[in-house]
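Peer 1: Given chain A, put chain B in place with the hints provided.
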Amino acid sequence: MEETFEIKDTDINVEELMEEIRANIEKKKREGILSSEKLAEAEKLKIGDTPEHADFTRHYIKTAEVLCNIDIEHYKFGIPPFLNRPILGHIVLAVKEFIRRFLRFHTRGVFNQQIDFNRHIVQLVKGLYDRIVELEKEISILKRKERQ
Amino acid sequence: MRIAFICPRYGIDAAGGAAIHIEWLAERLKEANFSVEILTTCARDHFGWENYYPPGKEEINSITVRRFKVDERNTITFLKIQNRIIAKEKVSYEDQLTWAKESVNSSSMYSYIERNCGDYDYFIFIPYMFGTTINGSKVCPEKSLLIPTLHDEVYAYLEIFKDMFQRFRGIMFSTPPERELGKKLYNLSERKIAIVALGFDERKDASAERFRRRYDIKDDFCLYAGRREGGKNTPLLINYFNMYKRYNRNKLKLVLIGSGDVAISGDSQDIIDLGYVSIEDKYAAHASATFLCQPSVNESLSITIMESWLAGVPVLVNASCAVTQFHCQKSNGGLYFDTYFEFEECINFFLNNPDARLKMGINGKKYVKENYSWEKVIERFKNALEKF
Numbered sequence: 001m002e003e004t005f006e007i008k009d010t011d012i013n014v015e016e017l018m019e020e021i022r023a024n025i026e027k028k029k030r031e032g033i034l035s036s037e038k039l040a041e042a043e044k045l046k047i048g049d050t051p052e053h054a055d056f057t058r059h060y061i062k063t064a065e066v067l068c069n070i071d072i073e074h075y076k077f078g079i080p081p082f083l084n085r086p087i088l089g090h091i092v093l094a095v096k097e098f099i100r101r102f103l104r105f106h107t108r109g110v111f112n113q114q115i116d117f118n119r120h121i122v123q124l125v126k127g128l129y130d131r132i133v134e135l136e137k138e139i140s141i142l143k144r145k146e147r148q
Numbered sequence: 149m150r151i152a153f154i155c156p157r158y159g160i161d162a163a164g165g166a167a168i169h170i171e172w173l174a175e176r177l178k179e180a181n182f183s184v185e186i187l188t189t190c191a192r193d194h195f196g197w198e199n200y201y202p203p204g205k206e207e208i209n210s211i212t213v214r215r216f217k218v219d220e221r222n223t224i225t226f227l228k229i230q231n232r233i234i235a236k237e238k239v240s241y242e243d244q245l246t247w248a249k250e251s252v253n254s255s256s257m258y259s260y261i262e263r264n265c266g267d268y269d270y271f272i273f274i275p276y277m278f279g280t281t282i283n284g285s286k287v288c289p290e291k292s293l294l295i296p297t298l299h300d301e302v303y304a305y306l307e308i309f310k311d312m313f314q315r316f317r318g319i320m321f322s323t324p325p326e327r328e329l330g331k332k333l334y335n336l337s338e339r340k341i342a343i344v345a346l347g348f349d350e351r352k353d354a355s356a357e358r359f360r361r362r363y364d365i366k367d368d369f370c371l372y373a374g375r376r377e378g379g380k381n382t383p384l385l386i387n388y389f390n391m392y393k394r395y396n397r398n399k400l401k402l403v404l405i406g407s408g409d410v411a412i413s414g415d416s417q418d419i420i421d422l423g424y425v426s427i428e429d430k431y432a433a434h435a436s437a438t439f440l441c442q443p444s445v446n447e448s449l450s451i452t453i454m455e456s457w458l459a460g461v462p463v464l465v466n467a468s469c470a471v472t473q474f475h476c477q478k479s480n481g482g483l484y485f486d487t488y489f490e491f492e493e494c495i496n497f498f499l500n501n502p503d504a505r506l507k508m509g510i511n512g513k514k515y516v517k518e519n520y521s522w523e524k525v526i527e528r529f530k531n532a533l534e535k536f
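Top line first, the protein sequences correspond to chains A and B.
Using my numbering, read the first sequence as starting at 1 and increasing by one per residue.
Using my numbering, read the second sequence as starting at 149 and increasing by one per residue.
Rather than coming from a laboratory, the hints here were simulated on the basis of the structure.
Watch out, some of these pointers could steer you wrong.
[To be verified] A few chain A residues that face chain B, going by a derived Cβ cut-off under 7 Å, partial list only:
hint : residue
1    : Asp9
2    : Asp11
3    : Ala42
4    : Leu45
5    : Arg119
Everything numeric in this text was worked out from a predicted model, so none of it was measured.
Every residue gets a Cβ at the ideal spot worked out from N, C-alpha and C, and that includes glycine.
Next up, chain A with everything else stripped away, as it sits in the complex (with noise of 0.2 Å):
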């Protein structure tokens, strides 16, 4: 296909219609048949704003399980290019190592009772959000039902 087979009808031009279309909609919001309560809706719903991006949800649901499984006591800290100095480098490297050891005694348990809360943290972000999501298919079933 270097070019596409393009399909000519005479009684359909779907360029031409979009155009009377858009100016349909546009004749009716000067003329007013348009009601502000529609507008204002229409407006919240634009294309790209819908906040039920589920997978999104489930995305950060993801990222923060994984996140806070952190091994604190193996963490590798980065290394900042300037102390990839030979020897100056080497020092400051070591310094900071030892420090850090020194710390981690005093720190460990504050540490791992932090992890420990933010597993629960999760966890219960992670039930409550299933629990919607169950929650809004039972009343969207239970809706039907009545109306039926």
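Peer 2: Relative to the frame of chain A, chain B by itself:
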């Protein structure tokens, strides 16, 4: 001619757009006397890329599939960088490389390609944005081709992809808008690009009456067929449809078929969620729909609108998707919406003009047959190989 397709996951229960693409194409190429194999990983899903299938060789629908173990990944690093990419923050080239390294990769697969580079004529990678493509294509670039299935999304703008697209010997796009996006982003020369796409067969056994009887649907309906998820804009369609029903007193229904969880909000009793249906029912649903709505903006071809047109049914697509809008304009087989009001007007046009609707369906069908028959796809594939 011996060809290997390379994708991050493949299998009967490991469906995804890329897997469907190569499954269909590989089977047809085999019928056209190509020797085709698939190189993939042991992963089944794209969330954790955990090894699920055993490594080794197996046959799926008479195609040889070689599976290789996924390398260990640092998921924390991957997700941290991925979140920055999604948030459109500036991500350094080094971090982009790290993101690709911590994506799905398989060293054993790359070793296999290296050892057997001389035994294959081409390695065709699909899709563009995973580690298997980014790093796998470095092994034997002179024989590597790409089917990118490229969308206008944040990942496509990463610098690592500029280098990667340049590395390939040839790139097979699916549509002219996808090709234009590729040219714009990666400065590709005409010599190394072609359009191939996929082919579609008409299903003459699809019974609209049987589908309506089976699911007790009597009224006009808008069909949504495919995965239900935010990335496909399913929530937008549901929101728009709910609003449409509040302002338009008619019996139009929205019928959803496909897998995935999307909460059906609102109190409309006019949304019928059939979930996952059989292939037969899917084609029958297409045949009995009044029109199909494809709200997604992330399409490089859109299988579902081709299936709708083959059933003689017009489509309504998102004007923000260059590919599906292009199809509608070239076929005169569908309308496109940019706002809620356009969505509403387009639906009412379909409902109030049954003759025009029918003609648009016929136009769409002609368009698919002229551009996406398997005969033409295989011919384009052969021409592309000659060109590269």
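Peer 1: None of the hints should be skipped; say for each whether it holds.
Peer 2: Do the hints match the structure? See the list:
1. Asp9: 5 Å, holds
2. Asp11: 6 Å, holds
3. Ala42: 4 Å, holds
4. Leu45: 5 Å, holds
5. Arg119: 15 Å, violated
Going down the numbered hints, you'll see the structure goes against just number 5.
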